[in-house]
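Undergrad: Each chain is listed here by its residues.
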Amino acid sequence: MNRYPLWKYLLIAFALALGLLYTLPNFFGEAPAVQVSSVKATVKVDARLLARVEEILKAESIVHQGLFADQNSVRARFGDTETQIKAKDAVERALNADPDNAAYVVALNLISRSPAWLTSLHALPMYLGLDLRGGVHFLLQVDMKGALTKRLDATAADLRSLMRDKGVRHGGIARERDQLAIRFRDAEMRNKARAAIESAQPDLLLTELQDGADLKLAATLKPEAQKRIQEFALKQNITTLHNRINELGVAEPVIQQQGADRIVVQLPGVQDTAKAKDILGRTATLEVRLVDDENSQNPTVMEEAAKGSPPAGTEYYVERSGGPLLVKKQVVLTGDRLTDAQPGFDNQTHEPAVHLTLDSAGARIFKDVTRENVGKRMAILLIEKGKGEVVTAPVIRTEIGGGRVQISGRMSTVEANDVALLLRAGSLAAPMEIVEERTIGPSLGAENIERGFNSTLYGFLAIAVFMAIYYLIFGLISVVALSTNLLLLIALLSMLQATLTLPGIAAIALTLGMAIDANVLINERIREELRNGVTPQAAIAAGYERAFGTILDSNVTSLIAGLALLVFGSGPVRGFAVVHCLGILTSMFSSVVVSRGIVNLVYGSRRKLAKLSIGNVAWK
Amino acid sequence: MEFFKIRKDIPFMRHALVFNVISLITFIAAVFFLATRGLHFSVEFTGGTLIEVSYAQAADTQKIRDALARAGYTDTQVANFGSSRDVLIRMPLKPGQDSAALGAAVMDALDRDAPGAQLKRVEFVGPQVGKELAENGAIALLLVVFGIIVYLALRFEWRFAVSAIIANLHDVVIILGFFAFFQWEFSLPVLAAVLAVLGYSVNESVVVFDRVRENFRKMRKATVPQVIDNAITSTISRTIITHGSTQLAVLSMLVFGGEVLHYFAMALTIGILFGIYSSVLVASPLVMWLGVSREQFVKPQKPKEEAVV
Chain V
1 MNRYPLWKYL LIAFALALGL LYTLPNFFGE APAVQVSSVK ATVKVDARLL
51 ARVEEILKAE SIVHQGLFAD QNSVRARFGD TETQIKAKDA VERALNADPD
101 NAAYVVALNL ISRSPAWLTS LHALPMYLGL DLRGGVHFLL QVDMKGALTK
151 RLDATAADLR SLMRDKGVRH GGIARERDQL AIRFRDAEMR NKARAAIESA
201 QPDLLLTELQ DGADLKLAAT LKPEAQKRIQ EFALKQNITT LHNRINELGV
251 AEPVIQQQGA DRIVVQLPGV QDTAKAKDIL GRTATLEVRL VDDENSQNPT
301 VMEEAAKGSP PAGTEYYVER SGGPLLVKKQ VVLTGDRLTD AQPGFDNQTH
351 EPAVHLTLDS AGARIFKDVT RENVGKRMAI LLIEKGKGEV VTAPVIRTEI
401 GGGRVQISGR MSTVEANDVA LLLRAGSLAA PMEIVEERTI GPSLGAENIE
451 RGFNSTLYGF LAIAVFMAIY YLIFGLISVV ALSTNLLLLI ALLSMLQATL
501 TLPGIAAIAL TLGMAIDANV LINERIREEL RNGVTPQAAI AAGYERAFGT
551 ILDSNVTSLI AGLALLVFGS GPVRGFAVVH CLGILTSMFS SVVVSRGIVN
601 LVYGSRRKLA KLSIGNVAWK
Chain F
1 MEFFKIRKDI PFMRHALVFN VISLITFIAA VFFLATRGLH FSVEFTGGTL
51 IEVSYAQAAD TQKIRDALAR AGYTDTQVAN FGSSRDVLIR MPLKPGQDSA
101 ALGAAVMDAL DRDAPGAQLK RVEFVGPQVG KELAENGAIA LLLVVFGIIV
151 YLALRFEWRF AVSAIIANLH DVVIILGFFA FFQWEFSLPV LAAVLAVLGY
201 SVNESVVVFD RVRENFRKMR KATVPQVIDN AITSTISRTI ITHGSTQLAV
251 LSMLVFGGEV LHYFAMALTI GILFGIYSSV LVASPLVMWL GVSREQFVKP
301 QKPKEEAVV
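Top to bottom, those sequences are chains V and F. Per our numbering, numbering through the first sequence is continuous, rising by one, with the last residue being 620. Per our numbering, numbering through the second sequence is continuous, rising by one, with the last residue being 309.
Here chain V stands alone, though its shape is the one from the complex (with noise of 0.2 Å):
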C-alpha cells in the first residue's frame, strides 16, 4: 500500500533535476566585468565591436577571463576589480575618442561566473534588489493633467486658426481649467463652427451653452483622446528616462511603468544620487532659428568666432556632422509646437527624411518664415541645460505650408532614425516629480545578504536538529523534504527571474519554518495511528492521507493571505509576497509528494515491518 507508481518517482527526479539545474548558478558567485553598450541608434553593438573591445584589451596587455556579447552590450569578464577599472578606463578611452560626443557606455557590471552552457539554458542566478545590491531607486509621477494642459493649449491655437480659415467670426478662446471656451454672436456662426471644430477636431467634445448674451461653444477632450495623450506622455517619458540614463553609464537600468501614472528607474550600483536626479530631471526643448550663410561662409569671422567672439546676434555652433555655422540668436520656432517626428523617406529623391508635423500655429509661422529665406539655412538645435546643439541644418528649398516638414539630404537611414527619436525624446512630454526615492549603500548591500542568509541558515539548521531528534528517522526524511523546499523555491525564483530583496530573504526563512507544519501533522498523525495499534504500513497510509486535508486547508489560507499582499503590497511588501506565495506551493509539494515518496522507498517494501523510527508512541 505504500507504494508510488514509476511515473511519480520520475516526476520528482525530475523535479530535483530541475530544481538542482536552476540553483546551480548561484553557486558561482559573480566576477567583475567592463559592460560596452551603445548610446545612439546609429551605433550598432556586433562582432566587430567584440573584436575591437578584444583588441584594445590585448593592446593595454589586460588579462580577461572571457569576452561575451548578446544583442545590446559586449561584456568582458576580469579577475578582480583592479584589472576591472583599468580595462573600463582604457575601452573608454579607446572607443569614446571625444568624451562630450560618447558613441558608447562603459561601464562596471557583476556578471556570473556560471559555466556558458547554464547560461546558455537560461539558467541564471537569482534577481538581487537594489537593498541587497546597492543603488539608487526612484519612483516618478508623471503630471498626467500637465500633459493635458499642455495638449489644450495647443488645441487652443490650433482653433484660432482654424476659425480664421473657415471665416468663422468669434469672440474669444481661452482655456478655463480642462475646457476651452469659444465664445460667439449669433447662434448661425456658432453652427458653422461646430460643423468645422467636428470635422477638423475629433478628438473634441462639443457642447453648447449660454453665458448672459454670450453664446457659448464648450470643448473638451474625450475620454478616449484623453487615455490616448495619457499613454502617449507616459511612453514618451520613459523613452526619453532611457535616453538620459544611458548618459550615466549604468550597466542595467530598470525603467517600468508602474500604475496608471508612475514611473520606476533603478539603477543598480549608483551611488551619485545628486547626479542621476540632474539627469532624469533634465529638460530638453527643441528650436528652429535661422543661419547666418554670410557670415558663416567667411573664415576669418568663423575664425574669431570659434575663439569665441561671434558676430552680434549669433551663436558659434558645431553641426553634428562636423562642420561650424553661425546661427541667429532669434527663435522661430520652439519644440512646443512640434507633435511628432518621423523618419522616412522622400516622396521625390527616396532620400532618408524626417517627417516633422508642426500643429497648426506652427505652421503658420514656419509658412512665413521659409517663404522669406527660400535659399537659406535653418538650424534645428536641442538645447539641453542651456547648452544647445545643431541637429541638422537644412537648406530651404520652398515655402512650406501646412504643417507637415520634411528635413531631408545627405542622412543615411539610420541618421534618420537617429534624428527622428531625439527630436521625440528630447523632451518630456510632461512633467514628472520625485515622490519617492531610495539609495542603498554597497556596504549595506552587502550586509543585507549576510544578515538574511544567516537568518535563513541557522533557522534552517535549528529545525533540522530539532526534527531529527524528535522523530528520529521519519525526522530527517521531513528535514531532506525541507531542504527539497529550499531547492526548489530558490531554483523557481532564479527560473522566473524574480527580484530577490531581503524581505523575500525573510519570505524564504519563514517558509521554512512555516512549512514544517505539514510534516509535524503527518507525522503527529502517523504516531496516532500507531498508538491506536494500526499496523507501521497502515499507520503511514493513514497517516499521510488523514492529515493532506488538513496541510490543504491550512496552505489555502496563507496563500490568500499571500495573494492579498501580492495584489495591494508595493515594494518590500511585494517582494515578501512573491517568495511567500511561491514558498507555499513549493512546500505543498515537498513535504507531501517528496516525503512520502522517500518514506515509501525507506519502507514501502518491507513486508513484515514490526516499528517505525518515529519517536516513542509507547506510553499508551
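Careful, some of the hints might be misleading.
In silico EDC-like cross-links for lysine to aspartate or glutamate, where the CA-CA straight-line distance does not exceed 16 Å [stated by the list, open to error]: (1) V:Lys277 to F:Glu135; (2) V:Lys227 to V:Asp143; (3) V:Lys222 to V:Glu198; (4) F:Lys218 to V:Glu529; (5) F:Lys63 to F:Asp108; (6) V:Lys145 to V:Glu231; (7) V:Lys192 to V:Asp178; (8) V:Lys145 to V:Glu176; (9) F:Lys8 to V:Glu528.
Examples of chain F residues lying across from chain V (beta carbon under 7 Å, computed) [said to hold, decoys possible]: (10) Arg121; (11) Val125; (12) Val144; (13) Val145; (14) Ala192; (15) Gly199; (16) Arg238; (17) Thr242; (18) Ser252; (19) Gly257.
Calculated from the model, a selection of chain F residues having no Cβ within reach of chain V, i.e. all distances over 12 Å [said to hold, decoys possible]: (20) Tyr73; (21) Pro115; (22) Phe209.
Calculated from the structure, these hints are not laboratory results. Ideal placement from N, C-alpha and C gives every residue a C-beta, glycine not left out.
Model the placement of chain F on the given structure of chain V, informed by the hints.
TA: Positioned in the frame of chain V, the structure of chain F alone reads:
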C-alpha cells in the same frame, strides 16, 4: 522523545469563559494603547526623509544634532540604529523642499561639523505615496479577512469561519497594541508580517476545526464540549511543535536579521505566541457558543417513506 503524554482529554471548554475574559482584557488594553499612543509609523507611511550614515567609531549623536541644527534642520530625529556606529536621521516632510538636494546637504553639514560619516542609505517618500500605502494596506487586510471567511465557510461552516476570523483579528489588534505600547516603528515589512500572521494562525484554527468535524462523525455519543476538548487535546502536541519550529526560524531572524528585520520578526513572534492561544482557546469556545452541532456535519438518516393507509 515525546513532550506530550496526555492520557485524558483536558477539559478546555469548562474554562472557556476564563480564556475569553483574558482575551478580552488584552484586547481592550491593546485598543486602549492604540487609541492613546497611536502607532509610530515609519517614513514609508508618513512621508519624509530618512538618512542612514555610519561612522568608523562610535557616533556622537549630539554632535550630529548640533551639526544639523546649524545647517537649519531643526525638526530632525537622530538616533543610533543597530550599533553605536550607525546613525539614523529622520526628517519630516516640508512643502517646497527639494528632496534632491536634501541628502547631499545633510552630508555636507555632517562633513563640516561631525566628519567621518559614510552615507549608507537615503529614503525619501512623498506624502501621496504614504497615504496610498496606508490605504492599500487596509484593503489588503480586508481582502484577507473576506477571503478566509469565504474559504472556511465553504470548507466547513459559517460558524467556524466567523469564530476563526474573530480570534485571529484579535491577534492582529494585539500585535498592533504592542507596537503602540512600546512605540516600535510600524513599517511596511511589519505590515507584511501582520498579514502573514493572520494567514498563518488561521491554520491553527483550521487544524482544530478539522478534528472537531472528524470527531462529530466518530464520537457519536459525546457532547459538543467533549468533542471540542478531544479535538484540542489530540492536536495540541502538533500545535506547539509547529509553532515552536516556526518560532525557531523567526528567532534566527531576530538574532541574525539585523535592524531591518528586527520589528518584522518581533511582529511574527507576538503573532505566533498569541496565535497558539487565541486560535485554539478563543476560536473553539466561540464556535461552541455560536451553536455548532453534530447535525451540521452528519447527515441525519432519512426516515423511510412508508405507505400510509
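Undergrad: With reference to the structure, classify each hint as holding or not holding.
TA: Going through the hints against the structure:
Using a Cα cut-off of 16 Å, the hinted pair Lys277 of chain V and Glu135 of chain F is violated, with the two alpha carbons roughly 29 Å apart. As the CA atoms of Lys227 of chain V and Asp143 of chain V are separated by approximately 13 Å, the hinted pair is consistent with the 16 Å bound. Taken as a hint, the Lys222 of chain V and Glu198 of chain V pair is honoured in the structure, with Cα atoms around 12 Å apart against an allowance of 16 Å. Straight-line distance between C-alpha atoms of Lys218 of chain F and Glu529 of chain V comes to about 15 Å, which keeps the hinted pair within the 16 Å bound.
At most 16 Å may separate the alpha-carbon atoms for a hinted pair to count; Lys63 of chain F and Asp108 of chain F meet this at roughly 14 Å. Among the hinted pairs, Lys145 of chain V with Glu231 of chain V is consistent with the structure: their alpha-carbon atoms are about 12 Å apart, no more than 16 Å. Proposed proximity of Lys192 of chain V and Asp178 of chain V is contradicted: the alpha carbons are some 24 Å apart, above 16 Å. With a C-alpha separation of about 13 Å, the suggested pairing of Lys145 of chain V with Glu176 of chain V holds against the 16 Å cut-off.
A C-alpha spacing of about 14 Å is found between Lys8 of chain F and Glu528 of chain V, which places the hinted pair at or below 16 Å, so the restraint holds. Evaluation of the Arg121 of chain F hint against chain V yields a held restraint, the C-beta minimum of about 5 Å falling below 7 Å. For Val125 of chain F, the interface hint holds, the least distance from its beta-carbon to any beta-carbon of chain V being 5 Å, beneath 7 Å. Of the supplied interface hints, the one on Val144 of chain F holds, with its beta-carbon coming within about 5 Å of a beta-carbon of chain V, less than 7 Å.
Annotation: interface hint on Val145 of chain F violated; nearest CB of chain V at approximately 9 Å, more than 7 Å. Satisfaction of the interface hint for Ala192 of chain F is found here, the shortest Cβ-Cβ separation to chain V being roughly 4 Å, below the 7 Å cut-off. For Gly199 of chain F, the interface hint holds, since its Cβ comes within 7 Å of a Cβ in chain V; the closest pair sits about 3 Å apart. Hint status for Arg238 of chain F relative to chain V: holds, with the closest Cβ pair at about 4 Å, below 7 Å.
Residue-level restraint check for Thr242 of chain F holds (minimum Cβ-Cβ distance to chain V is 4 Å; threshold 7 Å). Look at Ser252 of chain F: its Cβ gets to within about 4 Å of chain V, closer than 7 Å, so that hint holds up. The beta carbon of Gly257 of chain F comes within 5 Å of a beta carbon in chain V, closer than 7 Å, and the hint placing it at the interface holds. For Tyr73 of chain F, the requirement that its beta carbon stay farther than 12 Å from each beta carbon of chain V is met, with the minimum near 17 Å.
Distance check on Pro115 of chain F: its Cβ is at least 18 Å (rounded) from any Cβ of chain V, clearing the 12 Å threshold; non-interface status holds. For Phe209 of chain F, the non-interface assignment is contradicted: its Cβ lies about 8 Å from the closest Cβ of chain V, within the 12 Å cut-off.
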